[in-house]
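J.: Listed below, chain by chain, are the residues.
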Amino acid sequence: MTEKTDLDQYKEFVRERLKSLLDVVQSVASGDFSVRVQIPEEEDEFTALSIELERMIDKLIEANKVSEERMARLQAAVEEKERLLKTVGELSSPVIQVWENVLVMPLVGAIDSARAARIMEDLLTGITKYQAEIVIIDITGVPVVDTGVANHLIQTIKAASLLGAKCVVVGISGEVAQSLVSLGVDLSGVVTRSNLQAGIRYAMETMGLEVVPKREE
Amino acid sequence: MTETIQLRVTTEADVYVAAHQVKALARQMGFNEADQTRVETVTSELARNIVLYAGEGTVKAQPVTRGRRRGLEIQALDHGPGIADIELAMKDGYTTSGGLGSGLGGAKRMMDEFHIESAPGQGTKVTATKWLNTQH
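So the sequences go chain by chain: A and B.
Every letter in the first sequence is one number past the one before it in numbering that gives the first Met the number 0, and letter 48, counting from 1, is 47.
Every letter in the second sequence is one number past the one before it in numbering that gives the first Met the number 0, and letter 48, counting from 1, is 47.
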């Protein structure tokens with residue numbers, strides 16, 4: 000009889016030790032690293048297992064910390080990039096008043112639909128703000144002008160004319176001009192000038208202004 | 000020098016990347032500035048059509064030789080809705096997307112050779128070649 004009781008006691012003992020270890024493993028598995036392993040006083044395999052488990056959890060905590068730091072750095076880098084993109088977006092379609100009622104909008108870089116929408120919005124806002132009569136759009140810095148880009152430009156020019164501003168497109172290179180002709184893009188309703196200087200001269204003439212050399216007193 | 004460009008095109012940004020890279024290849028091959036701009040613009044048109052009509056596809060560009068001639072071949076491939084009437088699609092002013100409607104016809108005018116293989120539901124394959132003018 001006593002033998003059986005001993006066995007029962009032993010079973011109970013094993014069950015308890017296993018249960019305490021299982022609790023720890025379950026907590027860790029669900030991501031809670033705050034639990035600590037109770038290291039028993041007895042020196043048996045359970046104790047050895049508990050010590051190893053403790054070491055494992057410590058390593059997991061360390062690894063978790065490292066990956067969290069890495070995530071934070073990545074997050075910061077992404078935020079920084081988003082800020083930069085926003086800045087680039089703001090810089091990419093500046094509207095500059097060069098004379099009373101005369102605006103210049105230099106475009107640099109590829110024009111996609113999102114940028115085209117932004118360009119139109121910025122330009123229309125600028126026209127209203129400065130009561131512009133003439134807008135010079137400089138496309139010297141636009142690498143490719145295909146029908147898509149040309150279409151965006153034409154839409155922008157149409158919208159500007161609805162606000163009473165006349166657009167002059169300058170900076171069409173010889174190569175782009177040839178491509179536009181081949182593409183059959185009709186710019187006949189659009190005033191164009193070779194470069195920014197010619198555009199400004201056109202604006203001055205239209206406004207009835209003239210730049211003359213200063214007369215000696 | 001047998002550089003081949005192959006790019007998956009799904010966004011507008013891809014359109015510019017493709018156009019830019021094909022232009023760089025054309026420059027490497029010795030095309031003059033005007034022809035570089037032509038192949039760049041054509042690549043842009045074809046890639047834009049992929050994004051606009053098919054959603055995704057591939058743009059390939061590679062140097063080709065035929066006899067003594069050397070040229071640049073651009074291929075735009077997609078598995079989109081395809082073109083029912085190719086002749087009509089090539090016509091200036093015809094568009095199903097509200098665009099200017101002269102992209103394909105214009106692209107053809109800018110290249111020396113231009114082929115479209117397409118059928119409704121079968122996708123579209125455009126192959127365009129520009130030969131190097133060595134005699135000038």
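One should not assume that every hint holds.
As the list claims (entries may be wrong) - Covered stretches of chain A, going by a simulated chain B footprint (3 or more residues, C-beta under 8 Å):
1) 134-147
2) 175-182
What the hints assert, rightly or not - So the derived label-pair ranges between C-beta atoms look like this:
3) B:R69 - A:M206: 30 to 38 Å
4) B:D84 - A:S112: 37 to 45 Å
5) A:V87 - B:E32: 44 to 52 Å
6) B:G66 - A:E120: 51 to 59 Å
7) B:T3 - A:M55: 49 to 57 Å
8) B:R67 - A:K85: 49 to 57 Å
Note that these hints are calculated values from the structure, not bench results.
Given the structure is predicted, the values throughout are model-derived calculations rather than measurements.
For glycine and all other residues, C-beta sits at the position ideal for the given N, C-alpha and C.
J.: Evaluate each hint against the coordinates.
T.: Do the hints match the structure? See the list:
1. 134-147: holds (count 6)
2. 175-182: holds (count 5)
3. B:R69 - A:M206: 30 to 38 Å: violated, 53 Å
4. B:D84 - A:S112: 37 to 45 Å: Given range 37 to 45 Å: violated, Cβ gap about 27 Å.
5. A:V87 - B:E32: 44 to 52 Å: Violated - the Cβ-Cβ distance for V87 of chain A and E32 of chain B, about 28 Å, lies outside 44 to 52 Å.
6. B:G66 - A:E120: 51 to 59 Å: At 53 Å between Cβs, range holds.
7. B:T3 - A:M55: 49 to 57 Å: holds, 51 Å
8. B:R67 - A:K85: 49 to 57 Å: Because 53 Å falls inside the window, the suggested range holds.
Figure legend: structure checked against the earlier numbered hints; hints not met, in rising order: 3, 4 and 5.
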